[in-house]
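As given, the protein sequences belong to chains C and D, one line each in that order.
Residue 30 in this note's numbering is what sits at position 30 of the first sequence, and the numbering runs on without skipping anything.
Residue 4 in this note's numbering is what sits at position 4 of the second sequence, and the numbering runs on without skipping anything.
Hints in this document: simulated from the structure, not taken from any laboratory.
Take the hints with a grain of salt, since some may be wrong.
Non-contacting residues of chain D with respect to chain C, defined by C-beta distances greater than 12 Å in every case (computed) [claimed, not checked]: (1) ASP37; (2) PRO47; (3) GLY97; (4) SER122; (5) THR137; (6) CYS175; (7) GLY260; (8) THR285; (9) ARG305.
Taking CB as the label site, the calculated pair distances span [as the list claims (entries may be wrong)]: (10) D/ALA201 x C/GLY115: 47 to 53 Å; (11) C/ILE12 x D/LYS325: 45 to 51 Å; (12) D/LYS292 x C/ALA229: 33 to 39 Å; (13) C/ALA181 x D/ALA323: 49 to 55 Å; (14) D/ARG173 x C/GLU230: 30 to 36 Å; (15) D/GLY123 x C/THR207: 28 to 34 Å; (16) D/ARG183 x C/THR242: 15 to 21 Å.
In this text the structure is predicted, and so the values were computed from the model without any measurement.
Glycine is no exception: its CB is placed at the ideal position from the N, C-alpha and C atoms.
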Amino acid sequence: MTATGPATVPVIAALALGDDALVLSHRLGEWAGHAPVLEEEVALANIALDLLGQARVLLSLAGDEDELAYLREERAFRNLQLVEQPNGDFAHTIARQLYFSTYQHLLYAELATTGGPFAPLAAKAVKEVAYHRDHAEQWTLRLGDGTETSHERMRRACDALWRFTGEMFQPVEGLDADWAALEARWLESVTDVLGRAGLTVPEGPRTGAWSAGAGRQGLHTEPFGRMLAEMQHLHRSHPGATW
Amino acid sequence: MATAAAQRTARTEADGAPDTVDTTAYQRAFDAAVAADERIEPRDWMPDAYRATLVRQIAQHAHSEIIGMQPEANWITRAPSLRRKAILMAKVQDEAGHGLYLYSAAETLGTSRDELLDKLHSGRQKYSSIFNYPTLTWADVGAIGWLVDGAAITNQVPLCRCSYGPYARAMVRICKEESFHQRQGYELLLALSKGTPEQHAMAQDAVDRWWWPSLMMFGPPDAESPHSAQSMEWKIKRHSNDELRQRFVDICVPQAESLGLTLPDPELRWNEERGHYDFGPIDWTEFWEVLKGNGPCNEQRITQRRRAHEEGAWVREAAAAYAAKHAGDAGETGATRA
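Isolated chain C, as found in the complex:
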């Protein structure tokens, strides 16, 4: 099944990775003008831009980037449910970043070394994602080990998003990765960061019947449809126009 060159890029895998980046980038873009401190306006926009850049490369491997972003219906998107979750407060955004950027960093590092059609993209993106992961870890420490309020908010955020994390390790068709080993490394890393932040690993299930593999199969949570409506509205209002 492993593809060997850009000509044979597995479309489903390109969409899965591309949609993750596209959707999370969009969510982070919603922070513009609302961040708690000016430095975070810069940082969140910077991460959003990196992700959008990755999304454009990945979607272009699968087809036309704008057609794929703006003209697919909700059921055709392959992103993880985790990345489509609303921003919530800053702690929710950081918890989502911690879970996802740790996953993305480990996955890209592996894709970069094992070769295959995504190796060039992964090799470039892994450097950006290392920064995203560091940013999320640093903030997890500050919120977890900051004040009582921030600790409580961070704990709640980590708990609330925990059930979306199992989906990340469902094998993706066309992606050559050792998913079980990836999951073990992810758990180890997240456990370590949460521990250093004075937080404990949430206890709830990570693979509920509905969330397991759902986003990857085009089954999304309700906020996602509204997000797409906003994202696609203008493009869809002017069929065939160029911008």
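Here the structure of chain C is known, so what remains is to put chain D in place on it, guided by the hints.
Quick look at chain D alone, frame taken from chain C:
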């Protein structure tokens, strides 16, 4: 050079007896430095009024950058192509960066970012009136780039030679990025103007709504601009409001022609004798109303700004508490990651 030396000498002489300073020696050295087009630096003596004017102007400039993120961020989630979305995100990010440069420049004058933000949030300091207008269509993003950033650049390029060093240096960096944004805005409008009839109409409508507010960005007419004369004497300001406004109109008219769009002013025509474009009267009533807080978005802009700040308080407190707890730690601040 001689005047800088004079200032140093004056400082040395006066430093010996701080309570009986003969400020006229300082004042003479300052005046001479300004006259010789030298830069005033943070540790140089400067008149209190010069310091106060700079704090007010730089703070207002910084506030404009961060309030100015809002009308454009309003379209990030709706940008019609991924390329345009990336450009817009990068632009809004740059504006946050400009805010950071400018708050830093203001801090060299002995104030702090927190203090300035406080004044913004309580309405004691202003931001550019232009950002009190709403972005109603995607084309507004282009009109802001072309006209609003264009006006800002016309205003700001002379500030690269402003007498206060930190401000002048911040402006050099800012102007480079702003002219990039301005070209992108122009290019966005051009794509719309040459697109479908609906897109063209969208572009024209945006230019119709943003033209006059952009002309107001240069401030009141020279006759009604009380701070201008002093600012020009201090070489904070290099040209009058009306001079810069005229320069902007002269630049925009041919650009509008090549965009295939019209400017909403029936009195706009070339004046051979003056070698400039004549243009119609500005609605100064509207200008003063917006400045007083009665523009279309004043309330919304400041409310969003305050809310972001208030809702972020617990995050800033967490960062401060964490920093205090880990003040002695090695490796928690990025030092080990270098």
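Numbers of unmet hints, in rising order: 3, 5, 9, 13 and 15
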